[in-house]
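Listed below, chain by chain, are the residues.
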Amino acid sequence: MILKKLNEIFIDVFDDEDILLTMETTAEDIDDWDSLAQINLIIAIKDEFNIDFEFEEVATYKNVGDMVNAIKEKTQN
Amino acid sequence: MEYFTYDDISVGQSFSFEKTITEEKMNLFLQLSGDNNPLHCSKEYAIQNNFNSRVVYGMLTSSFYSTLVGVYLPGENCILQEIDIKFHNPLYINEKIKIFGEVVKKDDTFKRLEIKASIRTEDKLISKAKIKVGVRK
Numbered sequence: 001m002i003l004k005k006l007n008e009i010f011i012d013v014f015d016d017e018d019i020l021l022t023m024e025t026t027a028e029d030i031d032d033w034d035s036l037a038q039i040n041l042i043i044a045i046k047d048e049f050n051i052d053f054e055f056e057e058v059a060t061y062k063n064v065g066d067m068v069n070a071i072k073e074k075t076q077n
Numbered sequence: 001m002e003y004f005t006y007d008d009i010s011v012g013q014s015f016s017f018e019k020t021i022t023e024e025k026m027n028l029f030l031q032l033s034g035d036n037n038p039l040h041c042s043k044e045y046a047i048q049n050n051f052n053s054r055v056v057y058g059m060l061t062s063s064f065y066s067t068l069v070g071v072y073l074p075g076e077n078c079i080l081q082e083i084d085i086k087f088h089n090p091l092y093i094n095e096k097i098k099i100f101g102e103v104v105k106k107d108d109t110f111k112r113l114e115i116k117a118s119i120r121t122e123d124k125l126i127s128k129a130k131i132k133v134g135v136r137k
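These protein sequence lines map, in sequence, to chains A and B. Residue numbers 1 to 77, in this note's numbering, belong to the letters of the first sequence in order. Residue numbers 1 to 137, in this note's numbering, belong to the letters of the second sequence in order.
Mixed in with the good hints there might be a few duds.
[Unchecked claim] Using 20 Å as the maximum straight-line C-alpha spacing, the simulated SDA-like pairs for lysine to any residue come out as follows:
1) B:Lys106 with A:Ile43
2) B:Lys137 with B:Asp7
3) B:Lys105 with A:Glu48
4) B:Lys116 with A:Ile43
5) A:Lys62 with A:Lys74
[Unchecked claim] Derived list of chain A stretches under chain B, where covered just means 3 residues or more per stretch with a C-beta under 8 Å from a C-beta of chain B:
6) 29-43
7) 50-56
[What the hints assert, rightly or not] Derived CB-CB ranges, DEER-like:
8) A:Ala59 with B:Ser66: 22 to 32 Å
9) B:Thr67 with A:Asp29: 32 to 42 Å
10) B:Leu125 with A:Ala27: 32 to 42 Å
11) A:Asn63 with B:Asn89: 42 to 52 Å
12) B:Thr67 with A:Ala27: 25 to 35 Å
Just so you know, the hints here were simulated from the structure itself, not pulled from any lab data. Positions of the beta carbon are idealized from the N, C-alpha and C atoms, including for glycine.
Let's have the full structure, built from the sequences with the hints guiding it.
Pasting the structure below:
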């Protein structure tokens with residue numbers, strides 16, 4: 001469920017209908033996933049899931065799976 | 001130049017200023033950009049194509065969006081990250097414009113502001129913009 005919502009956010013941010021995320025997807029798999037795109041992603045995630053992130057923790061995410069786990073943890077609290 | 005830090009800025013904070021695009025500014029922009037489309041350079045051509053006169057470059061008026069954020073809101077600490085502009089009506093030389101911007105959202109994680117901005121004459125909307133800027137301090 002989280003992964004599906006995340007996929008919609010990625011499609012919107014990157015304006016690319018072909019994006020299909022897995023837990024292993026990284027920035028190397030998606031064109032234009034740079035630091036500015038990361039900001040747009042995280043802000044969209046915050047708005048969608050009504051959660052907050054610290055700047056430092058965002059930098060530790062290595063792949064989509066890390067994002068999903070972080071969202072899961074924050075929405076359960 | 002203003003020097004607002006991220007914490008100084010509140011949602012709802014706004015700023016506006018006025019400018020007029022003169023013949024001289026049009027010529028300078030032509031030199032800078034190389035855009036010699038006759039709609040901007042030939043009064044006769046513009047009139048033949050149902051405009052009142054030479055049309056001011058959209059990107060020339062939009063350069064004042066850069067001024068809005070880079071000089072006034074937030075000013076020196078600004079980093080322009082994204083701008084989405086929609087053009088609504090043509091502007092003609094020597095018409096006075098008002099550039100307005102209002103902070104509509106703050107993101108504390110990235111110290112980023114979203115600013116809703118517009119450029120208007122007394123009686124028409126020239127363009128609207130959604131601007132995202134980082135605030136360095």
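Against the structure, the hints:
Distance check on the hinted pair: Lys106 of chain B and Ile43 of chain A sit about 10 Å apart at the alpha-carbon level, within 20 Å; holds. About 9 Å separates the Cα atoms of Lys137 of chain B and Asp7 of chain B, which keeps this hinted pair within 20 Å; it holds. Proposed proximity of Lys105 of chain B and Glu48 of chain A is supported: the alpha carbons are some 15 Å apart, at most 20 Å. For the proposed pair Lys116 of chain B and Ile43 of chain A, the alpha carbon gap of about 17 Å is at most 20 Å, so the pair holds.
At most 20 Å may separate the alpha-carbon atoms for a hinted pair to count; Lys62 of chain A and Lys74 of chain A meet this at roughly 18 Å. Coverage of the region 29-43 of chain A by chain B holds in this model, with 5 residues showing a Cβ closer than 8 Å to a Cβ of that chain against a need of three. Here the region 50-56 of chain A counts 4 residues with a CB under 8 Å from a CB of chain B, which clears the bar of 3, and the coverage holds. Checked against the given bound of 22 to 32 Å, the beta carbons of Ala59 of chain A and Ser66 of chain B, roughly 29 Å apart, stay inside it.
Taking 32 to 42 Å as the suggested C-beta distance range, the pair Thr67 of chain B and Asp29 of chain A conforms, at roughly 39 Å. Distance hint check for Leu125 of chain B and Ala27 of chain A: the Cβ-Cβ separation is about 39 Å, which falls inside the suggested range of 32 to 42 Å. Distance hint check: the CB atoms of Asn63 of chain A and Asn89 of chain B are about 47 Å apart, consistent with the given range 42 to 52 Å. In this structure the hint that Thr67 of chain B and Ala27 of chain A lie 25 to 35 Å apart at CB holds, the actual value being about 34 Å.
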